[in-house]
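Colleague: Chains as they are written, first to last, in my numbering: chain A, 1 to 268; chain B, 1 to 268; chain C, 1 to 268; chain D, 1 to 268.
FYI, nobody ran anything at the bench for these hints, they're computed from the structure. Worth double-checking, as some hints may not be accurate.
Below 30 angstroms or equal to it, Euclidean Cα-Cα: the simulated BS3-like pairs (lysine-lysine) are [stated by the list, open to error]:
| no. | chain 1 | residue 1 | chain 2 | residue 2 |
| --- | --- | --- | --- | --- |
| 1 | A | 167 | C | 130 |
| 2 | D | 104 | C | 234 |
| 3 | D | 234 | C | 234 |
| 4 | C | 206 | D | 75 |
| 5 | B | 206 | B | 167 |
| 6 | C | 35 | D | 130 |
| 7 | D | 206 | C | 35 |
| 8 | A | 130 | A | 82 |
| 9 | C | 111 | D | 167 |
There are 4 protein chains.
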Amino acid sequence: MLIPFEDKQIYVECHGEGAPIVVLNGIMMSTPSWKPFIPALSAQNTLILLDLLDQGQSSRMAEAYDITIQADVVKCVLDALKIDSTSLVGISYGASVAMNFALKYPRHVDKMVLFNCVPYTSPWLADIGKSWQLARVSPEAYYHATIPIIYSTDFYNQNLNWMSARKDFLTQHVFNNQDFLDAMDRLIDSAATHDVRDGLENIVAKTLIVGGNEDYLTPLPQQKYIYERIPGAKLVIIEGCGHAAMYEQPDVFTSLPVGFINCVSTVL
Amino acid sequence: MLIPFEDKQIYVECHGEGAPIVVLNGIMMSTPSWKPFIPALSAQNTLILLDLLDQGQSSRMAEAYDITIQADVVKCVLDALKIDSTSLVGISYGASVAMNFALKYPRHVDKMVLFNCVPYTSPWLADIGKSWQLARVSPEAYYHATIPIIYSTDFYNQNLNWMSARKDFLTQHVFNNQDFLDAMDRLIDSAATHDVRDGLENIVAKTLIVGGNEDYLTPLPQQKYIYERIPGAKLVIIEGCGHAAMYEQPDVFTSLPVGFINCVSTVL
Amino acid sequence: MLIPFEDKQIYVECHGEGAPIVVLNGIMMSTPSWKPFIPALSAQNTLILLDLLDQGQSSRMAEAYDITIQADVVKCVLDALKIDSTSLVGISYGASVAMNFALKYPRHVDKMVLFNCVPYTSPWLADIGKSWQLARVSPEAYYHATIPIIYSTDFYNQNLNWMSARKDFLTQHVFNNQDFLDAMDRLIDSAATHDVRDGLENIVAKTLIVGGNEDYLTPLPQQKYIYERIPGAKLVIIEGCGHAAMYEQPDVFTSLPVGFINCVSTVL
Amino acid sequence: MLIPFEDKQIYVECHGEGAPIVVLNGIMMSTPSWKPFIPALSAQNTLILLDLLDQGQSSRMAEAYDITIQADVVKCVLDALKIDSTSLVGISYGASVAMNFALKYPRHVDKMVLFNCVPYTSPWLADIGKSWQLARVSPEAYYHATIPIIYSTDFYNQNLNWMSARKDFLTQHVFNNQDFLDAMDRLIDSAATHDVRDGLENIVAKTLIVGGNEDYLTPLPQQKYIYERIPGAKLVIIEGCGHAAMYEQPDVFTSLPVGFINCVSTVL
Chain A
1 MLIPFEDKQI
11 YVECHGEGAP
21 IVVLNGIMMS
31 TPSWKPFIPA
41 LSAQNTLILL
51 DLLDQGQSSR
61 MAEAYDITIQ
71 ADVVKCVLDA
81 LKIDSTSLVG
91 ISYGASVAMN
101 FALKYPRHVD
111 KMVLFNCVPY
121 TSPWLADIGK
131 SWQLARVSPE
141 AYYHATIPII
151 YSTDFYNQNL
161 NWMSARKDFL
171 TQHVFNNQDF
181 LDAMDRLIDS
191 AATHDVRDGL
201 ENIVAKTLIV
211 GGNEDYLTPL
221 PQQKYIYERI
231 PGAKLVIIEG
241 CGHAAMYEQP
251 DVFTSLPVGF
261 INCVSTVL
Chain B
1 MLIPFEDKQI
11 YVECHGEGAP
21 IVVLNGIMMS
31 TPSWKPFIPA
41 LSAQNTLILL
51 DLLDQGQSSR
61 MAEAYDITIQ
71 ADVVKCVLDA
81 LKIDSTSLVG
91 ISYGASVAMN
101 FALKYPRHVD
111 KMVLFNCVPY
121 TSPWLADIGK
131 SWQLARVSPE
141 AYYHATIPII
151 YSTDFYNQNL
161 NWMSARKDFL
171 TQHVFNNQDF
181 LDAMDRLIDS
191 AATHDVRDGL
201 ENIVAKTLIV
211 GGNEDYLTPL
221 PQQKYIYERI
231 PGAKLVIIEG
241 CGHAAMYEQP
251 DVFTSLPVGF
261 INCVSTVL
Chain C
1 MLIPFEDKQI
11 YVECHGEGAP
21 IVVLNGIMMS
31 TPSWKPFIPA
41 LSAQNTLILL
51 DLLDQGQSSR
61 MAEAYDITIQ
71 ADVVKCVLDA
81 LKIDSTSLVG
91 ISYGASVAMN
101 FALKYPRHVD
111 KMVLFNCVPY
121 TSPWLADIGK
131 SWQLARVSPE
141 AYYHATIPII
151 YSTDFYNQNL
161 NWMSARKDFL
171 TQHVFNNQDF
181 LDAMDRLIDS
191 AATHDVRDGL
201 ENIVAKTLIV
211 GGNEDYLTPL
221 PQQKYIYERI
231 PGAKLVIIEG
241 CGHAAMYEQP
251 DVFTSLPVGF
261 INCVSTVL
Chain D
1 MLIPFEDKQI
11 YVECHGEGAP
21 IVVLNGIMMS
31 TPSWKPFIPA
41 LSAQNTLILL
51 DLLDQGQSSR
61 MAEAYDITIQ
71 ADVVKCVLDA
81 LKIDSTSLVG
91 ISYGASVAMN
101 FALKYPRHVD
111 KMVLFNCVPY
121 TSPWLADIGK
131 SWQLARVSPE
141 AYYHATIPII
151 YSTDFYNQNL
161 NWMSARKDFL
171 TQHVFNNQDF
181 LDAMDRLIDS
191 AATHDVRDGL
201 ENIVAKTLIV
211 GGNEDYLTPL
221 PQQKYIYERI
231 PGAKLVIIEG
241 CGHAAMYEQP
251 DVFTSLPVGF
261 INCVSTVL
């Protein structure tokens, strides 16, 4: 369905029944990315998938914007769906949106699971982002700039056929799409505005942070920084996993939020 | 309930409904240890708690035995409960029993979650075990030999009142109980017979291994050894967590098996 | 001085006196890169700096070549200097050359210190290499593709002025030099031929491997692979350090080889 | 030689020539422990070995004392040897003494190398210390309480003959010596007074911290705490190494201080 947000439209899908889980996409993702994950994530919950601004079937933006607008998008979607409080699962850029949401709308978030998150887009990460923007010269160059780095070395080397198919798909259908690349440029610029370092200690949502010890784009010290500051947050590390946890270890990827969000609390 | 095993009796409790999960105790534990965890672990599943031989309300053994007998105990309990196949959650000694069960009765185990596990009781670990046996001189000595090492430094330092209450309880009600200490001596000796190094590559159960980077008793390299050998096994590491994961981080402790065991598989 | 190698010339500098240490450059480096390090590295040793083929003041190659030719270059330099046996310090590409040398000329290497090394150029690393080759569209693009990734996030963020000066220098004097970029393309292709996985267990040189836990280009598991296979090798990890250890932590960078190479052995 | 300290005597040995290095023993050590290390550590330096109070051939104390008195011992030794400024190498307890010295006598310390150090003796570590004191019931019990935990699992398992010889020596000649055990009790009590958390940011000595990722007695987070607070400090981690770095990896153990202390500084 399409939900109006100011003069834009937000594409939203709901699957299943139960306590709501809103999944917030990584920067390159869109709702179809989640197709194989719907059974696992909607078995006990109402799974809400959505395209953020400049993603998938949601509206394109005309100019630069701050990442906090994406938190407003999420709030707008919740209002339209008449959901007062939800759990959030954010991946990378989506984890940034989740933390911004938790700071701006603290009453409306229950639990959060943050995959491969950063407290802010540091100059280092911003300069990696620029390397992506500078790689628009060819689909091949865009692939090489953006894709290998988000996989662990071992996964990439052990799944060459799968990676090759992915390269074909991305270079033939995505990285040659100027509308996609324009939107990516704006998304990258919006990511560069992300900075919740001063707010982490005020987050009240029960938070599970998930990192991979082979994440080269948002390395573990970033997640430890957040873990040490969000009160009561927990951190688990997936061994041998890179930035693209959902593709490398799909069952661990789904198990963690499904378990963390649905488990009743244990008091010793 | 009591279930006969040869000339012994095994104490068993069942809670909840759904696909079965058998929890296998750590060496010092018994079914009452799980009281606070029952709501979380039985919400979606039939939770089966049991005391292994020489634990809690199960029979004491007269002489030395091999840890594989505990796998037979588990099989006997499953038969009595008419359960053909189950998921197993094993903690430390219980994880050793789980792996032995998975090797001896591969058709009867579905998924396994192994907390703080070792592939064998190495001379190093056996000599730590002897330090426990040599500390029977006083409840105080037994506490100091066995308890601090199983907690992460930070948890221990930040929960001194809780640790102090635990010390009072253990020294006044447990570590002064000669029957308990005799049973512990035999359990430690049986642990020393644990060695599944040659069998790990044959385990077919879908396995999640959980370690803590502050586990000083069964340090992470042990779990990595197992992770690299059980086909398809996954490993997650709880940041800042010691050997006693269930007490240090109860919500992460329950989330992991509840999520892993109940999630439907995702195929990319 | 220039030393002939087949129909090529190899640029070599010697500094100081004592047992020889040959330093083997990373892929983008050349002898001037070592200027600030000469006092530390030549205080107790004859420090031999050299440009490998396609580096600095050594000859350019006309066509593709295997990395093993660089090992022959090193042997040729040793012969010309009448050095029978030497210690080797290799950085990244230079560490690959060092391992190839140790396999081909085992009698001529004493100790080795390998910084940020890989056992082979995996498809993952080769595809990162291609991202560099595809970034020749502008000096800016080349900088963004190659430089941020070789620094740890924290070092980069905390040394923005230094990085900015480096960016100016590299974009204005190096990455706009087509001769340099052509040579880089060939060096990258030669790196892709590196594979000593089958030979590591035959290396007899006393080896110290040095990694950084923030190395995103040659991550730690690569060094652990080598550490587990070279007999008697040791591995130390510099906390918080990226791929460019020499620039991030120059005093640790020099201390490790100077200490390891010059210390007399301790026998317990 | 014996150097008077108040009404006590301090045993001191000097070896070699050059800039001084004072080695500060771990809690169970004494000057003979260093015999095999003298060639490596004195090749370029005046190596000063000493027994702290209650160690080896230095005086026994009559009652409880604060660890800071050991810093005064070191200062007294330096005065007697007419050394104005020295480098310090401290192991565990000796690293605590070194940090206390650096805070009390900042003008008199040049570089410091701290192996397996802690910022304070936390309740957790103090309770491990008590387990040692409670294990005086037999040499066997003392061995099992104190020795396995200070070795990495792998080293212990792979050097069983060496460990066995060590056990024989310790149980027959050391752990049955009541004078030694009385002194150990006091040393453990003095260690419990160690706390430099508030002073670390004031330390001006150039400091290298060395940890082992298999150190179960002073685990890595302790060294990271110190690393993050001593200005300019560096941290290197020896892979696979436990608390007893000097016995597990003697050549790395000597290389690190010899390299760090003697290298001239590199300025980029």
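Colleague: The structure should be examined with respect to each hint, and the outcome stated for every one.
Modeller: Results of checking the hints against the structure:
With a C-alpha separation of about 14 angstroms, the suggested pairing of residue 167 of chain A with residue 130 of chain C holds against the 30 angstroms cut-off. Proximity of residue 104 of chain D to residue 234 of chain C is assessed by CA-CA distance (about 36 angstroms); at most 30 angstroms being required, the pair is judged violated. For the proposed pair residue 234 of chain D and residue 234 of chain C, the alpha carbon gap of about 19 angstroms is at most 30 angstroms, so the pair holds. With a C-alpha separation of about 39 angstroms, the suggested pairing of residue 206 of chain C with residue 75 of chain D is violated against the 30 angstroms cut-off.
For a cut-off of 30 angstroms, the pair hint linking residue 206 of chain B to residue 167 of chain B is broken: about 38 angstroms separates their Cα positions. Of the pairs offered as hints, the one joining residue 35 of chain C and residue 130 of chain D is violated, with about 54 angstroms between alpha carbons and a cut-off of 30 angstroms exceeded. Taking the CA atoms of residue 206 of chain D and residue 35 of chain C, the gap is about 23 angstroms. The hint holds against a cut of 30 angstroms. Taking the CA atoms of residue 130 of chain A and residue 82 of chain A, the gap is about 39 angstroms. The hint is violated against a cut of 30 angstroms.
For a cut-off of 30 angstroms, the pair hint linking residue 111 of chain C to residue 167 of chain D is broken: about 34 angstroms separates their Cα positions.
Comparing the model with each earlier hint shows violations of hints 2, 4, 5, 6, 8 and 9; every other hint is respected.
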